[in-house]
Amino acid sequence: MVKQVRIALRNCGRVNPESIEDYINARGYEALVTCLFDKKPADVINIITESGLRGRGGGGFPTGIKWKAAAAEVSDEKFIICNADEGDPGAFMDRAVLEGDTHSVLEAMTIAGYSVGADKGIIYIRAEYPLAIERIKKAIEISKEYGFLGKNILGTEFSFDIELKYGAGAFVCGEETALIASIEGKRGEPVVKPPYPAQKGLWGKPTIVNNVETFANICPIILNGKDWFRSIGTQKSPGTKVFALAGKINNVGLIEIPMGMTLRNVIDNIGGGIRDGKEFKAVQTGGPSGGCITRENLDTPIDYDNLLSIGSMMGSGGMIVMDEDDCMVNFAKFFLEFTIDESCGKCAPCRVGNKRLLELLEKVTNGQATEEIIPQIEQLCATIKKASLCGLGQTSPNPVLSTLRYFRNEYDEHIKDKKCRSKVCKALLKYEIVPDKCNGCTRCARSCPVQCISGKVKEVHTIDQKACIKCGVCYTNCKFNAIIVS
Amino acid sequence: MKLKSKEDFFKLKEETVKKRAQDKDIKLLIGFGTCGIAAGAKIIEKAIEKGLAERNIKNAKIVRVGCVGYCYAEPTIEIVYPEGGSVILGNIKSENALDVIDMHILNKSFESQYVIPRNFE
Ligand SMILES: Cc1cc2nc3c(=O)[nH]c(=O)nc-3n(C[C@H](O)[C@H](O)[C@H](O)COP(=O)(O)O)c2cc1C
Ligand code: SF4
Ligand code: SF4
Ligand code: SF4
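Going down the list, the sequences are from chains A and B. At position 467 of the first sequence the residue is numbered 467 (the numbering used here), and the sequence of numbers has no breaks. With the second sequence counted from 1, adding 1000 to any position gets you the numbering used here.
I should point out that these hints are in silico values taken from the structure, not numbers from a laboratory. Glycine is no exception: its CB is placed at the ideal position from the N, C-alpha and C atoms. Check the hints yourself; a few may be wrong.
To be verified - With a cut-off of at most 27 angstroms between alpha-carbon atoms, the simulated DSSO-like pairs for lysine-lysine come out as follows:
(1) B:Lys-1013 with A:Lys-144
(2) A:Lys-470 with A:Lys-430
(3) B:Lys-1006 with A:Lys-39
(4) A:Lys-151 with B:Lys-1011
(5) B:Lys-1002 with A:Lys-144
(6) B:Lys-1004 with A:Lys-120
(7) A:Lys-193 with A:Lys-165
(8) A:Lys-466 with A:Lys-419
(9) A:Lys-138 with B:Lys-1011
(10) B:Lys-1027 with A:Lys-138
(11) A:Lys-120 with A:Lys-193
(12) A:Lys-138 with B:Lys-1019
(13) B:Lys-1018 with A:Lys-138
(14) B:Lys-1108 with A:Lys-3
(15) B:Lys-1046 with A:Lys-138
Stated by the list, open to error - Quick partial rundown of chain B residues pointing at chain A, CB under 7 angstroms, derived from the structure:
(16) Lys-1004
(17) Lys-1006
(18) Thr-1016
(19) Val-1017
(20) Arg-1020
(21) Gly-1033
(22) Val-1063
(23) Arg-1064
(24) Gly-1066
(25) Tyr-1072
The whole structure should be built from the sequences, with the hints applied where relevant.
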């Protein structure tokens, strides 16, 4: 059986995150000591670059190259930011790391500071993570007492401090330029890149923004070497990825898998299979920016490039499993609704375009669409992707495009046959009473909230289709299975 | 205690590792992430503490750890034996505490209805 490999989560569930002794016992702060005393900043950056570590916050940008760019800048001040905004619906990888192995993130940020010549670190964390915040505060305090943080760390010339900044939970504030704006006290709106934060970031100074999980990989790479890291995962995506496995799967939870594992393995072995023996339909990765992976790609090795090529993306680690009961059009609608709620409204393609796109999808799920709607949807998606300012808008049509690509038949059924095979889209459902099975017990008629069921006691009942609001109450109430949905 | 050099660090590290190696207690790792706490980790901890006292067990210690990832089976306890090996128990309720202690601490059993499969090393 193929198992998980734990690098980022190596200490989660093993150490008491509030005990620095536990952490030191688990090789904690050894990587920092090695860097400070035995390696030049450029050596550290080289190790990270050659390890092939790519950003775990979604984009997959090579971490070493980002550090090198910031190190090359000449500036009186530089910043290291840890992105702990984690806005992807259903994702909690970063929270688990911060709560379960707090010191490892502080240590990695300090190493980053040493490498690029920054003396200040900021953890940007959503205020909804009170336990993580409490543990980080405690960890910062105790690290200072030991001399792992603060002035002249371990007696060296190098000083580094870390402070916390709180996000209000807006998804777009996870985008690095919006995040920086938010720390500066401005509205959390993205700005056009370049310049990249590594050149001009917080307060116009060179700034590294890395994800929590990215940082969680740093110390093991320093301790075990780049070759060890490269021996795990695939050639272009070395290492592991943490996913929050959710949806219609038996073993819902946090998993860390070597890159290159197939989805089939994740679902059948690690996830324990689909719940209630139902049939697998698709998996969504990349949250509202991603797309779905279907049966035909069950054996595709999961890495950054493969996922992109099949129309999805790695994302930050949300992994939602869907079965036969999930309607793919409705699913695309769900993410679009999320995007619309979270759009900052700065640019029209995203603000207005996504609203129009949702209206088109609603037509499909309401049974009011005609065949011309598909090219309209496709065109609008293309415009939003091309014209939006930031990653949120540029990727927002992805769930629609990907469901269109793999589940065109479901769209067609909604549009042409006015049917939703998963019986999710209410407007397309039809509740009917099977005369042979109905014994006239009147239960349904008495429970119907709009009283659209008629019939005498002990006689066959009928539903007035025009008045029916498809609430399903009659269906659940009939004890004789006389009501069917189609 | 402020560490002022590489030597300071390695001295502390050595001491810590040695101290830990000498610690022969059975460890009960209870998942104390947001998820575990929401699932009742604090109540389980109390029940286990009470159970250990009731059975007069002195060589077992509770450790609050972060999320292990078994969300489907929270609250979870991993029992680690000093001589090696461990079991992961899931869906523990406070009324199971004595049961768990008898089976997995007194009898050091690797099997019971509470054991959930380990899916990583
Ligand atoms: C709309 C949007 C939301 C994002 N949210 C997050 C987030 O919650 N956490 C995160 O680490 N990166 C997020 N990112 C990516 C960041 O902009 C940035 O690329 C990342 O923090 C860089 O770190 P990495 O290279 O270590 O992945 C988001 C990007 C976009 C466009
Ligand atoms: S794409 Fe959307 S979220 Fe991004 S700047 Fe434009 S309106 Fe704001
Ligand atoms: S509840 Fe069922 S059996 Fe009773 S009247 Fe309604 S349809 Fe007929
Ligand atoms: S679905 Fe609701 S509204 Fe329609 S007939 Fe049944 S109970 Fe009445």
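Results of checking the hints against the structure:
Distance restraint check for Lys-1013 (chain B) and Lys-144 (chain A): the Cα-Cα separation of roughly 17 angstroms lies within the 27 angstroms cut-off, and the hinted pair is therefore satisfied. Under the criterion of a C-alpha separation no larger than 27 angstroms, the hint pairing Lys-470 (chain A) with Lys-430 (chain A) is consistent with the structure, at around 7 angstroms. Of the supplied pair hints, the one linking Lys-1006 (chain B) and Lys-39 (chain A) holds, its CA atoms being roughly 13 angstroms apart against a limit of 27 angstroms. A distance of roughly 21 angstroms separates the Cα atoms of Lys-151 (chain A) and Lys-1011 (chain B); the hinted pair therefore holds under the 27 angstroms criterion.
Restraint check for Lys-1002 (chain B) and Lys-144 (chain A): the C-alpha separation of about 8 angstroms stays at or below 27 angstroms, so the hint holds. Using a Cα cut-off of 27 angstroms, the hinted pair Lys-1004 (chain B) and Lys-120 (chain A) holds, with the two alpha carbons roughly 20 angstroms apart. A hinted pair counts as satisfied when its Cα atoms are at most 27 angstroms apart, and Lys-193 (chain A) with Lys-165 (chain A) qualifies at roughly 23 angstroms. Restraint check for Lys-466 (chain A) and Lys-419 (chain A): satisfied, since their Cα atoms lie roughly 17 angstroms apart, inside the 27 angstroms limit.
Simply put, Lys-138 (chain A) and Lys-1011 (chain B) have alpha-carbon atoms about 24 angstroms apart, close enough for the 27 angstroms limit, and the pair holds. Of the supplied pair hints, the one linking Lys-1027 (chain B) and Lys-138 (chain A) holds, its CA atoms being roughly 23 angstroms apart against a limit of 27 angstroms. Of the pairs offered as hints, the one joining Lys-120 (chain A) and Lys-193 (chain A) holds, with about 23 angstroms between alpha carbons and a cut-off of 27 angstroms not exceeded. Proximity of Lys-138 (chain A) to Lys-1019 (chain B) is assessed by CA-CA distance (about 23 angstroms); at most 27 angstroms being required, the pair is judged to hold.
Note on Lys-1018 (chain B) and Lys-138 (chain A): the hinted pairing holds, with a Cα-Cα distance of about 25 angstroms set against a maximum of 27 angstroms. For the hint linking Lys-1108 (chain B) to Lys-3 (chain A), the alpha-carbon distance of about 25 angstroms falls within 27 angstroms, and the restraint holds. The hinted pair formed by Lys-1046 (chain B) and Lys-138 (chain A) meets the criterion: a straight-line CA distance of about 24 angstroms does not exceed 27 angstroms. Because the beta carbon of Lys-1004 (chain B) sits about 4 angstroms from the nearest beta carbon in chain A, less than 7 angstroms, this interface hint is met.
At about 5 angstroms, the closest approach between the beta carbon of Lys-1006 (chain B) and any beta carbon in chain A falls short of 7 angstroms, and the interface hint on this residue holds. With its C-beta approaching chain A no nearer than about 5 angstroms, Thr-1016 (chain B) sits inside the 7 angstroms limit, and its interface hint holds. Look at Val-1017 (chain B): its Cβ gets to within about 6 angstroms of chain A, closer than 7 angstroms, so that hint holds up. The criterion of a C-beta within 7 angstroms of any C-beta in chain A is met by Arg-1020 (chain B), whose closest approach is roughly 5 angstroms, and the hint holds.
Nearest Cβ of chain A to the Cβ of Gly-1033 (chain B): about 5 angstroms, under the 7 angstroms cut. The hint holds. Checking Val-1063 (chain B) against chain A: minimum C-beta separation of about 5 angstroms stays under 7 angstroms; hint holds. Residue-level restraint check for Arg-1064 (chain B) holds (minimum Cβ-Cβ distance to chain A is 5 angstroms; threshold 7 angstroms). At a threshold of 7 angstroms, the smallest CB-CB gap from Gly-1066 (chain B) to chain A is about 2 angstroms, leaving the interface hint in force.
Restraint check, Tyr-1072 (chain B) versus chain A: the minimum CB separation of about 5 angstroms is within 7 angstroms; hint holds.
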